Every structure is written in C-alpha cells, then in structure tokens.
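Number of protein chains: 2
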Amino acid sequence: MSALSRPDAPRDAIGVLGGLGPHAGLDLVRSILDETAARRDQEHLPVVLVSVPGRIPDRSAWLADRSAPSPAPPMLAVLRQLDEAGCAVAGIPCNTAHAPPLFDALREGLAEEGRELRLLHIVDTIVDRVREVAPGAERVGVLATSASIQNRLHEIGLEAAGMHAVVPDAEHQARVQASIFDEDWGLKAVSSPPDPRAREALHAATEHLVREGAQAVILGCTELPLAVPEAVHEATGVPFVSSTRALARGLIRATFPHKLRPSPSASGA
Amino acid sequence: MSALSRPDAPRDAIGVLGGLGPHAGLDLVRSILDETAARRDQEHLPVVLVSVPGRIPDRSAWLADRSAPSPAPPMLAVLRQLDEAGCAVAGIPCNTAHAPPLFDALREGLAEEGRELRLLHIVDTIVDRVREVAPGAERVGVLATSASIQNRLHEIGLEAAGMHAVVPDAEHQARVQASIFDEDWGLKAVSSPPDPRAREALHAATEHLVREGAQAVILGCTELPLAVPEAVHEATGVPFVSSTRALARGLIRATFPHKLRPSPSASGA
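Residue numbers (this note's numbering), protein chains in the order written: chain A, 63 to 331; chain B, 63 to 331.
Do not rely on the hints blindly, as some may be mistaken.
Identical chains blur together in the list; that is why a pair holds if it fits in one copy or across any two.
Said to hold, decoys possible - Below, simulated SDA-like cross-link-like pairs (lysine to any residue); rule was C-alpha separation at most 20 angstroms, straight line: (1) Lys-321 / Ala-232; (2) Lys-321 / Arg-273; (3) Lys-321 / Gly-275; (4) Lys-321 / Glu-194; (5) Lys-321 / Ala-293; (6) Lys-321 / Arg-214; (7) Lys-321 / Ala-126; (8) Lys-321 / Glu-245; (9) Lys-321 / Ala-251; (10) Lys-321 / Arg-201; (11) Lys-321 / Ser-253; (12) Lys-321 / Pro-197; (13) Lys-321 / Pro-256; (14) Lys-321 / Val-252; (15) Lys-321 / Pro-291; (16) Lys-321 / Arg-117; (17) Lys-321 / Ser-254; (18) Lys-321 / Thr-98; (19) Lys-321 / Ser-208; (20) Lys-321 / Ala-167; (21) Lys-321 / Gly-116; (22) Lys-321 / His-270; (23) Lys-321 / His-234; (24) Lys-321 / Arg-101.
Note that these hints are calculated values from the structure, not bench results.
Everything numeric in this text was worked out from a predicted model, so none of it was measured.
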C-alpha cells in the first residue's frame, strides 16, 4: 500500500536525497527553512530527507572509473522512497551527481517506472540564483569537484543561459579537489568547523577565478558552503552563489512559490 | 508495495518525526551526525526525517484543551511512513509530545497496527544522558514547556531512576514558557540567532533551579538547545543536559551502538 493513497499524506512534500555527504543534506534542509517565509512551526514546509550514506558509493569515483560500484541503483531506490512518501519534487544536494552519465540514468529510471516525482537539476537552480545575486554577470567562476569540471557540468548550464564559465587551472583545481576530499583536512572529513587549509585553498582559487574575469563564483559542490558563506568575497568584492541555497530556493519555488523569501542581495544573504 | 520488501532498503534506518518544530528536527539530525564516530560520508548512519509541521497541531494547545485539534493522528501517519521507509527505530524531537495522553496513543496506535518500528521515549534517553554528564546527581532541574511540567513528564522518569526533579516556581516557569512560545521573541519564532530575552529568561530560571539544589539541569524542550549549549553553565558550574543530544545518542545506541561516540564530559560536549 502506497502512502499516497492516504488522505493524510498529500503529494506536496519537498524530497531530499541526502547523505552525499550527510552534512550537505542537512545543510539543504536548513536552507529550505531559512528560505521559507514563516513565523510559526505550522507555516513551515513539508520536507522528507532520506540520508543513507552507507548505501551510496562515491559519485566522483564512479565517474572516473565505471568499473567502480555505481551510485545509480541505490540513488534511484531513495527517489522511489521519496515518491512513495508523498514528495512532489526532489533535489539532490550533490553537484557531482548531476553529471550526465549519472543524472540521466536517474531521470530515465523515474520515467520508466512512471513516477510522478519531479527531480530538479541543481544547475538549473544555480543559474536562477546567479541571476538573482549577480544580475548581468557574463563570466561566472566555478568551484567544484574535478569530476564536475571534467564533465563540464556547470559550464553546459551557464552556456545554455548565455553566460561563460571560468574554471580553475589544473594547479588550483587540484587544491579545490583536496579541500573537498582530503582525508585529513577536506570538508568531507572535517566540516564543523572546517580546517583552515580548506578555507585557504578555496580563497586562493577564488582570487584566481576573479583574476580570470569571473564576476561571480559558484560554490558548485554542496560541501563548499559549509566552509564559505554565500556572501560577497571580501578580498575581491565578487559574490558567491551557493549551490545548496540555490537548490533550496528552487525546491520551494517548485512547490510553494508564495512561501519563498524575497531574495536579498548576496551580501545580505 | 512496501519499501521493506526491497532488498535495497534494509530495516536499519533511524527515523525522525520532525517538524515539532522544524528547527528542532533539524537539530536532532545534526546531533545524530555529531554523535556518530565516522570519518567518511559512507560511515554515517541511515536517517529518514519526515518533517510536516503544517499537518501537526501544537502539542501544548491540545494537552491544555482536548477540544483543540489533536496532533495524534497526523503524528501516527508520519510514524507509519517511517516504518514503511525501513526505519528500525524512531524518535520524536519534542518533549511535550511525550506527555502520556499523547505518547501512549502513538505507541498504542503502532501496536494495534502490528508495526515493527520501535518508538523511543525521550525521557528514557535523557535519564541515560544525565547519568553520563552528571554521574551521582540526585537533584535534577527541569526546563520545559508548562504542558510538560504540568504532566510531570520528566519528573516521573527521574523519580523512576531514583532522582528528584526540581521544577521552576510559577514565575520562572512563565518566563521559560515565554522563551519558547512568545510570538515576538520566543525560540519557536526566532532561533537563529535566538533573541537575548529568551537567553536571559533561561539563564534566570537556571540560577533559580540551582539555588533550589539542582546538580544538573535538563534542557527538556528541544527548542532550548537552540539557545543554550549542552555545556557547563558558567554562572553556576552545573552541567546542562540537552534532550536533543540525549535522543540522538539513544537512537544511535538502539541501532548502531558501536558507532556511538564516546561521551566526553559535559564541558567538552
């Protein structure tokens, strides 16, 4: 018996496929609360988070080597759970998971099963958020995993929207990758608070992207807003765009648009 | 078709009946992460959060006036969802919801339906946590909603464990209640950051409880740890016990006891 057949579980919830990593999933739920215009408990939105990190192999590892365990089947299993729990829409707080080889498999899997759940693409929501915090920007920097950069994940979306992506050179990209994955000081290992080495690597990469002409910089991995707030970068005056906050706003817009907090300027966000 | 019948969804997840309020639910999921011994994404525990604040009437209001809308049926509906999503155990990050008239109805509802889901009682986990952070304490202070105090929620559990509950006098209790519910400055309205008036009311009530002999003070409403950390109270040297952290540790102990972080002293928590 599906939860959907019950009158007490209408199809209106926001689904979160979490655990990729677990702190990023939590940060997305927090962002949904922050971006909702509500004064009382009862005014907040229905959210279902399924976070099963132990069942979902690393996305970057599989994109680099398709003989590694695939994250697609367990991710599709979670999307099914969200669908059956009455979610109208779902988001995945992991940019890398939106690389076409993986994301396309998820959307196809949902379509084949005739699922009603609408799965948002994180880059669509990021492009919307870039327009909010940096209207008129033409050159947009990208901080993301090496797998996302190699798959041109954010580049493709930005270009489709008439913007140009600025990505780090190899040396800076290696440091960004380490700031996420290093087993001693990367954000997946240590995020509350982050290690100063992670902050420093991201700071250096940001300055590099701005020198290359970036007018805004996307925090294009959901671990990055754990270390860098969505605000104007002090050293360069360029605004950051958090992929987590972008996805939160996209999920609210897709379900309860009248509950979406008006967007302040990036500096006030 | 139940999610349980799928081999990819084993019955091992921790369920959270959230939304009471939404920030408290989020804080519980964060505490589960904090209290888990894990270095990599994949080492974190499976968690399902269902947060449907708009569907669950206020617990205090119903306990005070049984002709008000009952929170029991929608809470039971969420517990069913958690059961069907493969949760082995569930917790409710709302102390007031554990008052016997409400909590007993939930446990009876699960039993009548033959559900396997094991619903923890938050006060059992609080008693365990008091023993961890204040071993040997005989007199334990309670900060909680007036509904919890009137229903002797924490008192009953402490007495069963051989401890004595110290509750605020009427004047201090009124301020504690306001620190949670006041529509302008209470924690349910403003929690990040909390309003100084809420912190001040809780500080005054804590000093009052310590003057009455409390050797530890329970933050017995899951909104309270949003304003007061589980640490030693600077002014009195008495440790706080967070009901949220207690529940998080109880949920881990019930599912993956080997993953429970060793308990530091309260000052290091």
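Inset, instruction - Could you place Lys-321 and Gly-116 in one of the four classes (within, between, both, neither) given a Cα distance threshold of 20 angstroms? - result: between (34 angstroms within a copy, 13 angstroms between copies)
Legend entry - Homo-oligomer pair classification [Ser-253, Lys-321; C-alpha up to 20 angstroms]: Cα proximity of Lys-321 and Ser-253: across copies only (19 angstroms, versus 30 angstroms in one copy).
Inset, instruction - Classify it for me, Lys-321 with Pro-197: is the Cα-Cα distance of at most 20 angstroms met within a copy, between copies, both or neither? - result: Answer is neither; intra-copy 23 angstroms and inter-copy 47 angstroms both fail.
Inset, instruction - Give the relationship of Lys-321 and Thr-98 under a CA distance limit of 20 angstroms: within one copy only, between copies only, both, or neither. - result: within (5 angstroms within a copy, 34 angstroms between copies)
Inset, instruction - Give the relationship of Lys-321 and Pro-291 under a CA distance limit of 20 angstroms: within one copy only, between copies only, both, or neither. - result: Neither, since 23 angstroms and 31 angstroms both go past 20 angstroms.
Inset, instruction - Check Lys-321 against Ala-293 for me: Cα-Cα at most 20 angstroms, and say if that holds within a copy, between copies, both or neither. - result: Intra 22 angstroms, inter 36 angstroms, cutoff 20 angstroms: neither.
Inset, instruction - Give the relationship of Lys-321 and Gly-275 under a CA distance limit of 20 angstroms: within one copy only, between copies only, both, or neither. - result: Classified as neither: same-chain Cα gap 35 angstroms, cross-chain 47 angstroms, threshold 20 angstroms.
Legend entry - Alpha-carbon proximity between Lys-321 and Ala-167, which holds within one copy, between copies, both or neither at 20 angstroms: neither (32 angstroms within a copy, 33 angstroms between copies)
Legend entry - Intra- versus inter-subunit Cα pairing at 20 angstroms for Lys-321 with Glu-245: between (39 angstroms within a copy, 19 angstroms between copies)
Inset, instruction - If the cutoff is 20 angstroms on CA atoms, where do Lys-321 and Glu-194 land: within, between, both or neither? Let me know, please. - result: within (17 angstroms within a copy, 42 angstroms between copies)
Legend entry - Copy assignment of Lys-321 with Ala-232, given that the CA separation must stay at most 20 angstroms: The answer is neither: 42 angstroms in one copy and 38 angstroms across copies each exceed 20 angstroms.
Legend entry - 20 angstroms Cα threshold - placement of Arg-201 relative to Lys-321: neither (31 angstroms within a copy, 46 angstroms between copies)
In this structure, the hints that do not hold are numbers 1, 2, 3, 5, 6, 7, 10, 12, 13, 15, 19, 20, 22 and 23, in rising order.
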